[in-house]
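Going down the list, the protein sequences come from chains A and D.
Quick note on this note's numbering: the first sequence kicks off at 1 and runs consecutively.
Quick note on this note's numbering: the second sequence kicks off at 1 and runs consecutively.
Honestly, the hints are just simulated from the structure, not real lab data.
Accuracy of the hints is not assured; some may be wrong.
Put simply, identical chains are the same to the list, so a pair is met inside one copy or across any two.
To be verified - Distance condition first, Cα-Cα at most 25 Å in a straight line; then the derived SDA-like pairs of lysine to any residue:
id : residue 1 : residue 2
1  : 182       : 141
2  : 176       : 98
3  : 259       : 249
4  : 26        : 160
5  : 82        : 158
6  : 182       : 136
7  : 182       : 137
8  : 259       : 244
9  : 2         : 173
10 : 259       : 247
11 : 176       : 67
12 : 176       : 230
13 : 176       : 61
14 : 88        : 243
15 : 27        : 48
16 : 259       : 303
17 : 182       : 99
18 : 176       : 99
19 : 42        : 73
20 : 279       : 230
21 : 176       : 65
22 : 26        : 238
23 : 259       : 202
24 : 88        : 247
Spelled out from the first residue to the last, the chains are:
2 protein chains.
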Amino acid sequence: MKFAYDCQGGDRAPEAIVEGALEAEKKLGIVAYFYGSEEILKKMPNVARERIVDAIEEITQEESPAMAIRRKSKSAMVLALKDLRDGKVDGMISAGSTGALLAGGMFITGRIEGVERAALPILLNGTMILDVGANMDTTPEMLLSFGKMARAYMIAVQEVSEPRVALLNVGAEEGKGNRQTKEAFSLFQDAMPGFIGNAEARDVFSQAADIIVCDGFSGNILLKGMEGVIGFVQRGFQSVLASGAYAPDVAQTVVAAAKQAMGGLDYRRYGGAPLLGLKKPLIKAHGSSGPEAIFSASVSLQKMIDNNAIAIMEGEYR
Amino acid sequence: MKFAYDCQGGDRAPEAIVEGALEAEKKLGIVAYFYGSEEILKKMPNVARERIVDAIEEITQEESPAMAIRRKSKSAMVLALKDLRDGKVDGMISAGSTGALLAGGMFITGRIEGVERAALPILLNGTMILDVGANMDTTPEMLLSFGKMARAYMIAVQEVSEPRVALLNVGAEEGKGNRQTKEAFSLFQDAMPGFIGNAEARDVFSQAADIIVCDGFSGNILLKGMEGVIGFVQRGFQSVLASGAYAPDVAQTVVAAAKQAMGGLDYRRYGGAPLLGLKKPLIKAHGSSGPEAIFSASVSLQKMIDNNAIAIMEGEYR
Numbered sequence: 001m002k003f004a005y006d007c008q009g010g011d012r013a014p015e016a017i018v019e020g021a022l023e024a025e026k027k028l029g030i031v032a033y034f035y036g037s038e039e040i041l042k043k044m045p046n047v048a049r050e051r052i053v054d055a056i057e058e059i060t061q062e063e064s065p066a067m068a069i070r071r072k073s074k075s076a077m078v079l080a081l082k083d084l085r086d087g088k089v090d091g092m093i094s095a096g097s098t099g100a101l102l103a104g105g106m107f108i109t110g111r112i113e114g115v116e117r118a119a120l121p122i123l124l125n126g127t128m129i130l131d132v133g134a135n136m137d138t139t140p141e142m143l144l145s146f147g148k149m150a151r152a153y154m155i156a157v158q159e160v161s162e163p164r165v166a167l168l169n170v171g172a173e174e175g176k177g178n179r180q181t182k183e184a185f186s187l188f189q190d191a192m193p194g195f196i197g198n199a200e201a202r203d204v205f206s207q208a209a210d211i212i213v214c215d216g217f218s219g220n221i222l223l224k225g226m227e228g229v230i231g232f233v234q235r236g237f238q239s240v241l242a243s244g245a246y247a248p249d250v251a252q253t254v255v256a257a258a259k260q261a262m263g264g265l266d267y268r269r270y271g272g273a274p275l276l277g278l279k280k281p282l283i284k285a286h287g288s289s290g291p292e293a294i295f296s297a298s299v300s301l302q303k304m305i306d307n308n309a310i311a312i313m314e315g316e317y318r
Numbered sequence: 001m002k003f004a005y006d007c008q009g010g011d012r013a014p015e016a017i018v019e020g021a022l023e024a025e026k027k028l029g030i031v032a033y034f035y036g037s038e039e040i041l042k043k044m045p046n047v048a049r050e051r052i053v054d055a056i057e058e059i060t061q062e063e064s065p066a067m068a069i070r071r072k073s074k075s076a077m078v079l080a081l082k083d084l085r086d087g088k089v090d091g092m093i094s095a096g097s098t099g100a101l102l103a104g105g106m107f108i109t110g111r112i113e114g115v116e117r118a119a120l121p122i123l124l125n126g127t128m129i130l131d132v133g134a135n136m137d138t139t140p141e142m143l144l145s146f147g148k149m150a151r152a153y154m155i156a157v158q159e160v161s162e163p164r165v166a167l168l169n170v171g172a173e174e175g176k177g178n179r180q181t182k183e184a185f186s187l188f189q190d191a192m193p194g195f196i197g198n199a200e201a202r203d204v205f206s207q208a209a210d211i212i213v214c215d216g217f218s219g220n221i222l223l224k225g226m227e228g229v230i231g232f233v234q235r236g237f238q239s240v241l242a243s244g245a246y247a248p249d250v251a252q253t254v255v256a257a258a259k260q261a262m263g264g265l266d267y268r269r270y271g272g273a274p275l276l277g278l279k280k281p282l283i284k285a286h287g288s289s290g291p292e293a294i295f296s297a298s299v300s301l302q303k304m305i306d307n308n309a310i311a312i313m314e315g316e317y318r
C-alpha cells in the first residue's frame with residue numbers, strides 16, 4: 001500500500017511528517033512517498049531517496065485556496081493530489097491548509113458521483129462532527145448527504161456497527177431550531193438510517209451520538225468556541241501557577257492533573273479526519289500534528305483502504 | 001427604586017432569590033417586592049409582608065413559554081411583568097424560564113418602538129454576546145438592531161465609552177462566512193458605530209470586542225459548546241482525582257487551582273443579562289443563581305435605571 005505524505009504542510013513539517021511516515025512504514029508495512037523539497041528531504045535519515053517527489057513551490061495558509069491549487073502545480077500538495085488521482089499512490093495525508101486541500105480534493109481527485117459537496121469532519125471523543133467549515137450555506141439535502149458519508153466512514157473505519165446520527169440543534173425536542181434544522185429533521189426521519197434526533201452542543205462530549213451533522217458555519221463556531229474555552233482554561237492555569245501561590249512541585253502536579261483531565265479534548269490524538277465525499281482516500285491531519293498524529297492518521301488511512309470505505313460511500317449514492 | 005423579584009424562578013428559589021433581594025435592600029437602598037407563594041414567603045425572616053405579592057400558580061421550565069404566559073396569569077412571573085408594565089415597580093429580576101420571560105416581556109411589557117425582536121445576551125469575561133437563543137432565524141437588519149441595543153446597554157450600564165462591535169464569524173477577514181454574515185458585514189460597515197469587523201468564536205474570551213453579534217442559533221451553539229467543554233474538563237478533573245493517583249491534600253490543591261483557572265468562565269458572577277429591546281428594565285439571572293448572583297443582577301438593574309439605559313436604546317430607534 002502506497003501513501004503520499006505532504007511534507008510541506010503543517011507547523012512541524014517536514015520533520016514531524018517524515019518521522020510519522022517512517023513509523024508507519026515500520027509498523028504498518030506501508031510504502032511512504034515523500035512530497036517536498038528534495039534538497040531537504042534527501043538529507044534526512046531513512047528517507048528512501050527514490051520515493052522523494054521534489055516540490056519546488058509551496059502552498060501557504062495565507063493564500064486563496066482555489067488560487068493556490070490552480071497556480072502552484074509544483075507544490076507538494078498538488079503533486080500528491082495528482083498522483084492520488086492517477087493511482088500512483090493509494091492514499092494521502094496532509095497537515096497543510098484545509099481550504100487548499102478541500103479545493104484540491106474537489107478539483108483534482110474529484111467527488112464521488114452523486115456527492116454535491118465534500119465535507120470536513122472532526123473526530124472528538126469518539127463522535128464525528130461534520131461539517132466543521134467546508135460548506136457555509138447548506139440545504140437540508142446537503143446535511144443528509146453529510147450524514148450518509150459520515151455513516152459509511154464510521155462503519156468502515158471506526159467499526160461502529162450501527163452509528164447513531166444526530167442533528168446539531170439548540171434543543172433536543174423536535175420542532176426546535178431554525179428553518180434549516182426543522183426541515184432537515186423531517187428529511188432525516190425519512191431517509192437517514194440510525195437517526196436519533198437532535199443533539200445539543202453540550203452533548204458533543206457525552207458520546208450521545210456517533211455522528212453529529214451540522215452546516216459548516218455552525219460547526220466551525222462550535223469547534224472554535226471549544227478551542228477558545230480550552231485556551232482560556234490553559235491560560236488560567238498558567239497565571240494561577242505563575243502567581244507563585246503554589247510551590248513548584250505542587251504546581252507540577254496541578255499541570256499533570258490538568259493535562260490528564262483535558263486529554264480527551266486533544267483532537268490531535270485522533271489521527272486527523274478524512275475529507276468526505278472524494279473519490280480517493282485523503283486524510284487531513286491537524287496543522288500542529290507531531291509524528292504520533294501523522295502515524296495515527298496513517299492507521300486511519302490504512303483502515304479506510306483495507307475496509308473499502310470509499311466503495312461503501314459510493315454505494316450510498318447509487 | 002422598586003424592584004420586582006420573581007421568587008418562583010430558578011433552581012434555588014425562593015431562598016436564594018430572597019436572600020439576594022434582602023442584600024440589595026440593605027446595600028443598594030432599593031425596595032424589594034417579593035412575587036411568589038405568600039404562605040412560604042411570609043415565614044422567611046426580614047421579608048416585608050406588605051411587599052409580598054401572592055402567586056398561586058407557577059410557570060415551569062417544561063411548558064410552552066407563550067402558553068404559560070397566557071394561561072398562568074397568577075404566576076409570579078406574569079404578576080411581576082404586569083406590575084412592571086404598569087409602573088408599580090421600576091425593574092424586574094427573574095431566574096425563571098428564559099423562553100417564558102422573553103414571551104412575557106414581548107407580550108406584557110412590550111417592545112421599544114422600532115424594535116422588531118427582543119434579544120437575549122450573555123456577558124462573558126467582559127464581552128456581551130447576543131443573541132444566544134431568542135431568535136433562530138434572523139435577517140442582517142435584525143443583527144444590526146441587536147448590535148445597537150447592546151451598544152446602548154454597554155455604554156449606559158457597563159460604562160464602556162466606545163464599545164467595539166464585532167460579528168461572530170468563521171474567520172476574521174471580510175468575505176468570510178455564510179450569506180447572512182456577508183450581508184450583515186456591509187450593513188454593519190455602513191450603519192454600526194464602533195464596528196471592528198468579524199470575530200471568531202475563539203476570540204470570545206480574549207476581550208477583542210466588547211460586543212459580539214450573532215443569530216440566536218449560532219449563539220446558542222457557541223454557548224452550549226462552551227458549557228460542554230467546561231463540563232468535560234470538570235468531569236475529567238473529578239475522575240483524575242477519584243483515581244486515587246493524588247493524595248487528598250494535593251487533590252484539594254488541584255481542585256482549588258482549577259476553580260481559580262476557570263473562574264472567569266462562570267457567568268453566574270456577571271449578574272445575569274438584560275432582555276434587550278423591551279420597554280422596561282428586566283434582568284434574566286442564570287437558572288442556578290445563588291444569592292450573590294441575584295445581588296449582582298440587582299446592581300446591574302440599578303445601573304440600568306440610574307443611567308437611563310432604556311431611553312438611550314429608544315434614542316437608537318428614533
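Evaluated hints:
1. 182 x 141: both (12 Å within a copy, 23 Å between copies)
2. 176 x 98: Between copies only: 15 Å across chains, 32 Å inside a chain, cut-off 25 Å.
3. 259 x 249: both (15 Å within a copy, 19 Å between copies)
4. 26 x 160: neither (28 Å within a copy, 60 Å between copies)
5. 82 x 158: Classified as neither; 27 Å inside a copy, 56 Å across copies.
6. 182 x 136: So residue 182 and residue 136 pass the 25 Å test inside a copy (18 Å) and across (11 Å) alike.
7. 182 x 137: Classified as both: same-chain Cα gap 16 Å, cross-chain 11 Å, threshold 25 Å.
8. 259 x 244: Both: 20 Å inside a copy, 16 Å across copies.
9. 2 x 173: This pair counts as neither: shortest intra-copy Cα distance 47 Å, inter-copy 38 Å.
10. 259 x 247: both (18 Å within a copy, 18 Å between copies)
11. 176 x 67: between (40 Å within a copy, 16 Å between copies)
12. 176 x 230: This pair counts as between: shortest inter-copy Cα distance 24 Å, intra-copy 28 Å.
13. 176 x 61: Between copies only: 15 Å across, 37 Å inside.
14. 88 x 243: neither (56 Å within a copy, 50 Å between copies)
15. 27 x 48: Within. Shortest intra-copy distance 16 Å satisfies the 25 Å Cα cut-off; inter-copy 76 Å does not.
16. 259 x 303: neither (29 Å within a copy, 42 Å between copies)
17. 182 x 99: This pair counts as between: shortest inter-copy Cα distance 18 Å, intra-copy 29 Å.
18. 176 x 99: Intra 32 Å, inter 12 Å, cutoff 25 Å: inter-copy only.
19. 42 x 73: within (21 Å within a copy, 80 Å between copies)
20. 279 x 230: So residue 279 and residue 230 fail the 25 Å test inside a copy (35 Å) and across (38 Å) alike.
21. 176 x 65: between (36 Å within a copy, 13 Å between copies)
22. 26 x 238: This pair counts as neither: shortest intra-copy Cα distance 38 Å, inter-copy 39 Å.
23. 259 x 202: For residue 259 and residue 202, the Cα distance is within 25 Å both inside one copy (21 Å) and across copies (20 Å).
24. 88 x 247: neither (57 Å within a copy, 57 Å between copies)
When each numbered hint is compared with the structure, violations occur for hints 4, 5, 9, 14, 16, 20, 22, 24.
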